[in-house]
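There are 2 protein chains.
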Amino acid sequence: MTVILAASGLVAVAALFWSAYGTYYVMRRDPGDERMRRIQGFIREGAWAFMLAEAKVMAVTLLIIGAVLWALFYWEVAVAFWVGSGLSMAAGFIGMNAATLANARTTHAVRRSLREALTVAFTGGSVMGIAVAGLATAGLVFVIWLFRREFDPSVVQIVTKTVFGIPGADVNFIKAALIVSAYSAGASLVALFDRVGGGIYTKAADMAADLVGKVELKIPEDDPRNPATIADNVGDNVGDVGGLGADLLESFVSSIIAVIVIALYVYVGRLNQDIQTLLAKYGITDLAIFEQNYWWFVLLPILYVAGGIVASLLAVMYIRYSRRTKDMQRILMNGFTLAAVLTAGFAALATALSPFNFIPFISLLLGIVSGVLIGFISEYYTSARYRPTRELARMYQSGPAVGVTEGMAVGMSSSLLVCLVLGIAIVVAYQLGGLLAVAYAGMGMLTFVGIMVSMDSYGPIGDNAAGIATMAKLDPHVREQCDVLDSIGNTTAAIGKGFAIGSAAFAAIGLIAAYLWSAAGRATEVHLPNVPLVSPEVGGLVMAGLITGAMLTYVFSAMLIRAVSRTADVMVQEIRRQFRENPKLMSGEGTPDYRRCITITAHNGVRRMIVPSLLAVVLPLFIGLVFGRYTLAGFLVGALLSAIMLAIFCGNAGGAMDNAKKYVEEGHFGGKGSEAHAAGVVADTVGDPLKDTVGPSLDILIKLMSVISLLFASLFPVQPWFLR
Amino acid sequence: MTVILAASGLVAVAALFWSAYGTYYVMRRDPGDERMRRIQGFIREGAWAFMLAEAKVMAVTLLIIGAVLWALFYWEVAVAFWVGSGLSMAAGFIGMNAATLANARTTHAVRRSLREALTVAFTGGSVMGIAVAGLATAGLVFVIWLFRREFDPSVVQIVTKTVFGIPGADVNFIKAALIVSAYSAGASLVALFDRVGGGIYTKAADMAADLVGKVELKIPEDDPRNPATIADNVGDNVGDVGGLGADLLESFVSSIIAVIVIALYVYVGRLNQDIQTLLAKYGITDLAIFEQNYWWFVLLPILYVAGGIVASLLAVMYIRYSRRTKDMQRILMNGFTLAAVLTAGFAALATALSPFNFIPFISLLLGIVSGVLIGFISEYYTSARYRPTRELARMYQSGPAVGVTEGMAVGMSSSLLVCLVLGIAIVVAYQLGGLLAVAYAGMGMLTFVGIMVSMDSYGPIGDNAAGIATMAKLDPHVREQCDVLDSIGNTTAAIGKGFAIGSAAFAAIGLIAAYLWSAAGRATEVHLPNVPLVSPEVGGLVMAGLITGAMLTYVFSAMLIRAVSRTADVMVQEIRRQFRENPKLMSGEGTPDYRRCITITAHNGVRRMIVPSLLAVVLPLFIGLVFGRYTLAGFLVGALLSAIMLAIFCGNAGGAMDNAKKYVEEGHFGGKGSEAHAAGVVADTVGDPLKDTVGPSLDILIKLMSVISLLFASLFPVQPWFLR
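Protein chains in written order, with the numbering used here: chain H, 16 to 739; chain Z, 16 to 739.
Everything labelled a hint here was simulated from the structure, so no lab data went into it. Take these hints with a grain of salt, some might be off.
Identical copies look the same in the list; a pair holds intra-copy or inter-copy alike.
No more than 30 angstroms apart at the CA atoms, straight line, and that leaves these computed lysine-lysine pairs for DSSO-like [unchecked claim]:
#1 K229 - K677
#2 K599 - K488
#3 K687 - K233
#4 K341 - K488
#5 K296 - K233
#6 K687 - K71
Just need the whole structure built from these sequences, with the hints factored in.
The structure is reproduced here in structure tokens:
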């Protein structure tokens, strides 16, 4: 145990050192001329101010929830919750900080060479990428080490009805599982806040800037005359970078936690016949050997991710220093493949050292393969290199209504292959090694999260660099080069999104299963309880739960969409006011009040993120307490199904609408200024909040609700008061 | 038994006589001048041609499926299937015929008095309304009487493994249940074809007429210069009338069948302890009494609907002859209330005569109440009299993108209350009397289908009348009066839509439960099997099934949306061609080639309806055969959840977008020609296929898949080949 934890901890610390070095490296670069510096200063200031305002709201919420956990359970649970949430918050800040440093420096570097600019931008992105993996692993190692007594095999056991005196609390209550779940819940809650808040901010600013700028005044994107320009760029940093960091840290953590919690339950239930059949699949036929290797069983996932960190670090080095080819798309793709192969290699090594056969490893690979497949499917539906998006661009010629309708149809159709891959992967994983294998597959998709986040967050840096180039009135060539930078690695980013959806589905299934397990209420039979749709015992409660759960995700989505459009609406009024009251603005003589736009968006973003985010905590608690644990089981499954579908739909419809518009802008079907382009702008604006606010938030929502249910399962009655 | 069947049959036949008289009454009215007659002739011709073309495709499909049923099961099953499908088809034709006769006559009547026009239009609508109820009931009585031997209590029993020699066919196989299920399946399949085909036709014609007419050429709606005008009006008759008739016949039939099938299973399982507990809830404690009253138990739902027919007929009479008030909105509402109260009265009487307590009656009332509630909720979200739609109209001022986004948000939010009502109703019904009560509640919503369909199909007649007024260049006052006619009864139509969604959810739950029951494979224990999400027995198959089922509804929706936009696209090309090649058209000197537009739409509508409709038959079979009955169970539940949510979303988003546009047209936020109006036109065009093609088809899809699964359950292995 000590060896595994120490080795993983060391790797995690090394990763954090690299992030620190990366930040330092970026800082040392030249941020360009006075004007660029000033713009960068505005962006940094705005981003910090928003994320600090967000953090304040979160801090209050986290303190309260932690205190509740402390009062209800143990202080260890509260501490784990705070550690998880603190790290998730840190990931967002570290990434945002590096990205806001790297943007102007990337613009400046472009003036010398594209290769150098790639290095600056990619280093900026990798600061967060590596930090996400490092923080998550370091935190987990820390929590397990700190509370190692609770993870001791002689202590890990089911505590029945002894936690506190509420009757009916007959759950399979494992303290160690509670601790890691709380760690995951903390990370998820912060991630949801960050994604929702950042998502509202970035899309509202984007929408408002476009509505007044492109549509009403016909001035180009990122024009310095537009007061919302800076807010738009701030949005990229708090939403696409800060939000992404917290999001992927959460995904990473929850996918590992799902494995650990299930492993703990399997260990506790080792005397059960079904569990022994399961263990035999992993090559364990002798219980004594299993008990001796308890630590391996619980900590194997941590070893896997430590390998993933090393692989990601090596891939980052390769991308930074490779000079073998000038095709940068190729370099990124190679780096990605390198990370995947190395991760698999390390995982194979760890598995060989472990007392198990290769089932965990194969499940991991299954996850990687299905993640890549889902990524390519998303890419197929949303990239202008393939038929669906080109066809959509063609339909733009029939006007905005047909464009939006057709874009929705693309998003809906894309679910076909994605869901088939998910379905097949679930069945295969389950056949290989039960729920544990499903959880391993979910983890597989994220093992090399370091390199994935690096690539995802490098895009917004390029985007920001392009914005600064325009705002600082640099040579148009600079902007073009920055745009090239932004478009490189779109494919890898698309694959990253596929991984996010896939791993969310798998991790949520694992967490829901863990909840069901813990709610089964039979201490000896650690076995998934049957949750009948309708039956004399549970009435129609499960069915009602399914419907309500599915409904929740729609209502949640509606709240986010509204938050974006209402915030954008307030901003549109403000921009119009500035142009009206300051006639010099349009001629370029006056300076717009950037700060006011930033403040308005920030204020609205923070205000409107609170209710939807808290829903994810309050609703499962409410339903569990009032309607009992079976209703909650139905609720979670309904929400999961509905969230997967909406997330796929929103992500791919938005992506296709965006890229079809870009395809038109490249000169097809009339190019810029044509009717097709006008339709594309409308469709893109509709798709934007779907793909960047709703979709990613749904992925987090479902995991957060599942892990909250798992945490509080002991409070929920088997039957509600009105059925007793 | 004879008495119940004879009485119900008589009522049904009386209803059919009324329909015949109604058609005769409408025919005797004056269809107006030469021009009106010609336009009406075009519409009639187009509608007949399309529905006949549809019928041809259906006939082939129905013959094949019937032959398969014959080969696999019994000839009685095939005959029941054909009877059900024939009646559903007849309902569509009868309604379309009456509506295309009534439209011009309504226009003409308006010139004399609004009251007279209401009588003509409403009589036209009631022909189909009463026919739907009459045909469904007559058919059911006929089938049960024809195959009464199979419904004999000494014959009704489980046939295990004896149907044909496929191994693993150990289902709870009741021949009588098969026969009524086949009747329902036939009606559902035709309804799906009619709804999909008619929905594609009507929305494609509408979209194309608007895209070229309103948007490009800026000519008003229904302008005779627009070659698509007639096709648009044909669409109202084949989609909103013909499709609606088949749809509601299907809903009506499947909600009754769900009760009868569950009742049959309860009877068969009467020796089981759980079932006896259930029967006690219905006041039956002595099995001997239960066995003596077998026929009551099975036929009580038929008595209920016979009462509903009488109530509907009386309400139709009231609406036609009432002269007490001039407020026609009030008259319609009174008629509706009268039908509801009378239905409840007759049902109370039937229950009092039966050997049961009032639980079936209370469940029926529960259904009526929740149906009305869902209707009012839909009305709240989609009518311009309330805040959501007015707010949406206000947001139209920010342009089409915000308009569409906000409209989607309205649709998503509306699911909150609808799903709460559904969830509560399910729990309450189940507590009252198990699944049987849930099925009764579903039936409750549709007992007085006669009056509901009358009101729903009277709207399109008014709409058509308005179209004819414009096309025949009558005094603008006539058109205004027709529009008034159209808008009267909007509330009742909205309530009708609420009933459709609610009853679809309940009937589908009943049918899925019946499938699970029949697939349980335990002859003596007639008890709902547990369907665990993941377990050693079923692997991850149920989970995979849930995901695939949810996915199917999205893919199905995408296919319909695409079918509409592609068909509209073809038509747009044709309209542009006509204007280009015939320059006299725009000046009004030339006559457009209406017929060509009608043919093109019809051809595309029929062609594109085939694949989505057959999916609903083929997919459950495929999944059941290849992946086994547990996967199929998950698939059906996933599809149900997803279909309910999408249907609510599509219906209410589309409704709100449409009415917000009309609200702007009334002069708010700038009125016609303003930016808000332009945004509203875009949003309405996006919402149209959602609310009129996708939403209603989803309601049918899920019931059809459930009943097909129920029919073929005996063919599906418990475990798929790869798990054996």
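Do the hints match the structure? See the list:
no., hint, verdict
1, K229 - K677, "both (14 angstroms within a copy, 28 angstroms between copies)"
2, K599 - K488, "within (18 angstroms within a copy, 53 angstroms between copies)"
3, K687 - K233, "both (12 angstroms within a copy, 25 angstroms between copies)"
4, K341 - K488, "within (28 angstroms within a copy, 70 angstroms between copies)"
5, K296 - K233, "neither (64 angstroms within a copy, 70 angstroms between copies)"
6, K687 - K71, "neither (43 angstroms within a copy, 47 angstroms between copies)"
In summary, the structure is inconsistent with hints 5, 6 from the numbered list given earlier, while agreeing with the others.
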